[in-house]
Amino acid sequence: MRQKRHPGHHRSNLVAAPCSRPPAYIRSTMLNRIKSLLFRAPFDAAAYSASVTPEAAVVEIATFASGCFWGTQHIFLKHFPPTPAPGKGILRTTVGYTGGNPLVKNPDYKTVCTGATDHAEAVRIEFDPRVIGYAELVEFFYRSHDPTTLNKQGPDTGTQYRSAIFTNSSEQMEIAERVTKEVQAKRFTPKNRKIATELTSAGEWWDAETYHQLYLFKKPGGYQCPTHRLHW
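Here the sequence shown stands for residues 119 to 350, numbered as in my numbering.
It is worth saying that the hints were derived from the structure and are not from the lab. Treat the hints with caution; some may be incorrect.
Subject to a maximum C-alpha distance of 20 Å in a straight line, what follows is the list of computed PhoX-like cross-link-like pairs (lysine-lysine) [to be verified]:
| # | residue 1 | residue 2 |
| --- | --- | --- |
| 1 | K309 | K299 |
| 2 | K299 | K312 |
| 3 | K228 | K270 |
| 4 | K312 | K270 |
| 5 | K299 | K196 |
| 6 | K196 | K206 |
| 7 | K337 | K196 |
Per label pair, the in silico range of CB-to-CB distance [claimed, not checked]:
| # | residue 1 | residue 2 | range |
| --- | --- | --- | --- |
| 8 | F306 | D236 | 33 to 39 Å |
| 9 | N224 | G340 | 36 to 42 Å |
| 10 | V249 | A303 | 25 to 31 Å |
| 11 | K228 | G339 | 28 to 34 Å |
| 12 | Y227 | E289 | 19 to 25 Å |
| 13 | P199 | V176 | 32 to 38 Å |
| 14 | D226 | E300 | 36 to 42 Å |
| 15 | D162 | P308 | 42 to 48 Å |
| 16 | W350 | R210 | 26 to 32 Å |
| 17 | H349 | G251 | 32 to 38 Å |
| 18 | R261 | W324 | 25 to 31 Å |
| 19 | T229 | R347 | 27 to 33 Å |
| 20 | P308 | T229 | 39 to 45 Å |
| 21 | T307 | A203 | 37 to 43 Å |
Glycine residues also receive a C-beta, built at the ideal position from the N, C-alpha and C atoms.
Construct the entire structure; sequences and hints are all you get.
Below you can see the structure in the form of C-alpha cells.
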C-alpha cells in the first residue's frame with residue numbers, strides 16, 4: 119500500500135568541478151527561498167478560525183474525505199477563509215479520522231495508514247449556514263478532487279484516501295444525494311466516468327494529531343496531492 123510520498127532527491131555520481139557556480143536560475147531560486155525563510159511572518163493558527171461568540175454563531179457540521187487530509191483542509195480554507203470577519207461561512211476546520219471500525223478507539227495516524235482500521239482521512243468543517251449552504255460545500259468538495267477514483271487520490275492509495283461524504287442529518291443526506299446526481303449528470307456522465315464517492319451517515323470522529331492540523335499553512339512547501347485543485 120502506498121503511503122504519502124514526499125518528493126525525493128536522487129544523488130548524482132558526478133562531482134562538480136572545484137569553484138563551479140550553479141546556474142543563474144538556481145542561484146535565484148535559492149536566494150528567494152532564503153528570503154522567504156528569513157522574512158516569513160510567524161504562523162498564527164487563529165487566522166484560520168473565525169472568532170465568534172456562541173450567541174452570534176449558527177453552527178452546522180460538514181464532514182468530507184477526499185484523499186490526504188492536508189490538501190482537503192488547505193483547499194477549503196484557501197477558498198473559504200474564516201478571516202477577516204465575516205469570512206465566507208466556514209468558521210473552523212479540523213482534520214481527523216472517521217468512518218472506521220467502531221471497535222477501534224482513538225486511532226493514530228500510523229495505524230490508519232495501514233488501512234487495517236478502515237478509517238478515512240477527513241476534514242470536519244464548522245460552518246454558518248446563514249452565510250454558506252451545505253449544498254455549496256458539497257459541490258466544492260466534488261470540484262476540488264477526483265471523486266471517480268476508488269480508494270485513491272493522485273499517488274495516494276488505500277481506503278484511508280477514499281472519497282466520502284459523512285452526513286450529520288437526514289437533511290444533509292438528501293442534499294448530498296441531490297448534489298451528487300447533479301454533478302454526475304453535468305460533469306462526469308459526458309466523460310463516461312462515474313462518481314465513486316461513498317455517502318454515509320457520520321459516525322465517531324477522532325481528531326488527528328496536532329502536527330497534522332493546518333499542515334500546509336505551517337509548511338507551505340509540504341507534500342500536496344495533485345488532485346487537490348479546482349477541476350472546473
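To see whether the hints hold, each was checked on the structure:
Distance check on the hinted pair: K309 and K299 sit about 15 Å apart at the alpha-carbon level, within 20 Å; holds. With a C-alpha separation of about 10 Å, the suggested pairing of K299 with K312 holds against the 20 Å cut-off. Straight-line distance between C-alpha atoms of K228 and K270 comes to about 18 Å, which keeps the hinted pair within the 20 Å bound. Proximity of K312 to K270 is assessed by CA-CA distance (about 14 Å); at most 20 Å being required, the pair is judged to hold.
The suggested pairing of K299 with K196 is violated, with an alpha-carbon distance near 26 Å, which exceeds 20 Å. Pair hint K196 plus K206 holds up; C-alpha atoms about 11 Å apart against a cutoff of 20 Å. About 14 Å separates the Cα atoms of K337 and K196, which keeps this hinted pair within 20 Å; it holds. Restraint check, F306 to D236: a C-beta distance of roughly 26 Å breaks the suggested window 33 to 39 Å.
At about 25 Å, the beta-carbon gap between N224 and G340 misses the expected band of 36 to 42 Å. With their beta carbons about 28 Å apart, V249 and A303 fall inside the hinted range of 25 to 31 Å. Checked against the hint of 28 to 34 Å, the C-beta distance between K228 and G339 comes to roughly 23 Å, which is inconsistent with it. Taken as a hint, the range 19 to 25 Å is violated for the pair Y227 and E289, whose Cβ atoms sit roughly 32 Å apart.
The hinted window of 32 to 38 Å between P199 and V176 is violated, with their beta carbons roughly 19 Å apart. Range check, D226 to E300: Cβ separation about 37 Å, and the 36 to 42 Å hint holds. The given range of 42 to 48 Å is respected by D162 and P308, whose C-beta atoms sit roughly 44 Å from each other. A hinted range of 26 to 32 Å holds for the C-beta pair W350 and R210, which are about 27 Å apart.
Here the CB-CB span from H349 to G251 is close to 20 Å, at odds with the stated 32 to 38 Å. A hinted range of 25 to 31 Å holds for the C-beta pair R261 and W324, which are about 27 Å apart. Checked against the given bound of 27 to 33 Å, the beta carbons of T229 and R347, roughly 29 Å apart, stay inside it. For P308 and T229, the Cβ-Cβ distance of about 40 Å falls inside the hinted range of 39 to 45 Å, so the restraint holds.
Between T307 and A203, the C-beta spacing of about 40 Å keeps the proposed range 37 to 43 Å intact.
In the structure shown, a violation is registered for the earlier hints numbered 5, 8, 9, 11, 12, 13, 17, in ascending order.
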